[in-house]
Amino acid sequence: MVSVGAAVKEPGSTRKNKTGSWRTFKPILDKEKCIECENCIMFCPEGCINKDYDIDYDYCKGCGICEEECPVKAIKMERE
Amino acid sequence: MEISDKEFFAPGHRACAGCGATIGVRLALKVLGENTVAISATGCLEVISTPYPETAWEIPWMHVAFENAAAVASGVEAALKSQGKTDTTVVVFGGDGGTADIGLQALSGAMERGHNLIYICYDNEAYMNTGIQRSGATPYGASTTTSPHGKESFGEDKPKKNMPMIMAAHGVPYVATASISYPEDFMKKVKKAAEVEGPAYIHLQQPCTTGWGYNPAKTIELGRLAVETGSWILYEIEEGEFKVTYRPIQRRAVNEYLNAQKRFKHLTDLEKERIQSHVDAICIELKI
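Residue numbers (this note's numbering), protein chains in the order written: chain A, -13 to 66; chain B, 29 to 316.
If we strip away everything but chain B, and leave its shape as in the complex, we get (with noise of 0.2 Å):
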């Protein structure tokens, strides 16, 4: 696959080292290249890369909003559509919280209405951003500050919103998986999604330093463990059409996956035996 050497995040952002989300930003705009219309909604991303008066944007971008990003977006594209500028790609970058919780009915009516765009959910899985509180892509057993473990709480009580089936049945023409820990794969996919004529969703996995509670020179693998132990798996759907498009050679036990992060660390033998065999009965049923 052809890919730029330039880029378009520029450096000197305010990003934590380490951090998952930028690197998931930089790949997906070097397969998008400069033709590109980027939108933010309110998150990490927004906060750490636009620090008024700088940006580190090196392509048109906005931020409105935390519920309106995929709004924001439909507009931008019916304003290109109507000015003749259909080979410019639309693309809109939202955190977990942005696009579980707070940008869901905004999201789901430009994926209704049918706006050629790309939504990208880079998912950290909290909202980091404010202090590491769930959200509804939290993981089951994951402590947050606002899903603490200790005597009265268990930690994240509930499992993980699963978004990308929430878009696929929208009947959109292309729903993926991504981690930012395989690049090819991932830009793949985003290349697909920028060919598609109609909206594209990809749900793209990045570990966070802090949220999760590891050293920072491991984001690349953490993100690679929770593929190898089938704790998030890639995937996508074309046209209605699922296909798995990665599957590791051995899975691993995502003990190993748990025990490297920080918000994991309270959970008992039973707590992860359980997530073990809820993992197994959803790779069995996709011969992981």
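Looking at chain A on its own, in the form it has when it is part of the complex (with noise of 0.2 Å):
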């Protein structure tokens, strides 16, 4: 049979890709401060918040989009 088109057999793989390197500004959580709200797990774009509230920064972009979010200012984006 010809083959057509093409397969991916490893889910999730783009994990693969540490879009971390793209980061200018890198999001500083302080868990005193945090109330537990999950507005920035709830918004990050890459789900790289977990519900520990540890952020992965293999792959964050550093959007910002979880300091905008953060009710309370318990974010903070730094310079890298």
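Just so you know, these hints were derived from the structure itself, not from any lab.
Keeping only pairs whose Cα atoms sit at most 27 Å apart, straight-line, the calculated DSS-like set for lysine-lysine is: (1) A:K62 / B:K290; (2) A:K4 / B:K34; (3) A:K19 / B:K34; (4) A:K37 / B:K216; (5) B:K290 / A:K12; (6) B:K34 / A:K59; (7) B:K113 / A:K(-5); (8) B:K220 / A:K37.
Starting from the two chains in their separate frames, assemble the complex, guided by the hints.
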């Protein structure tokens, strides 16, 4: 049979590509101030903030949505 | 609402920093869960999520062409049905170009045939992937590379195609509009769409930092401004019953939304007033 198209057999394999290198500004989350509202988790385009509010800097592109949407200013963007 | 901690859309994808489409996909998949097959039309989402030989998807996913996402989904749904796998959800993610223009006939056919699937149009209001060309879903006044502003051209001179109402005219059991900036509202609608027997259509507005021209950190804020100014209305049509699902407490001036974006920068006060009165007319009718 002639093979048509392409198949990728490894789900989630874009993880090999560390987009953290795109970043200019790095979000720093202050867990003392954090009220665990989940805004940053919900709105992260990379999905790289986990339920313990740890940011995965391997993938964070530094868009700054988390800082913008944090209601208690627990996240600050700092230049790399 | 019970939502999964698990992510079904992996990081490392090539979306712009501050991308709204990926937020929409993440939230939708959190509701739909593991037992889901996703189909994409050609577009930003397809390109950024599957740079061969990698994929960001943690669930089965298929892309064929620009125009036939709904037809592919129809086939997948029919195949699953014949295998007795009726508990598997079939979801399509098509951009506004792949939905309102190029994929419209395939989508119309799928809706007419009554396949049990969810079609989510992630609407960034132009062909962003190929360089911001206008689509049928580009709003009046917006400057794009094929509706530029300048001496000879005003920007987009036609109104935004009313896709959700075209879908509602098919008489499908569930149609809704949503915004990534109102995740609870959006996720409730995805859940309803999954539970309904037959086709469901959700039109999801998602700001685009590249095409709309704003700071990537403002993606959620822009989506919120669209809704709070009445420029984008959140509603659902369940078995023909129309209901507005979110009403801003105090509707803000459309100018706040327009002035925050580069694509509307060229508009004169008179043109902005025209847009405001158009928004007013719709909002008054819907009591917003």
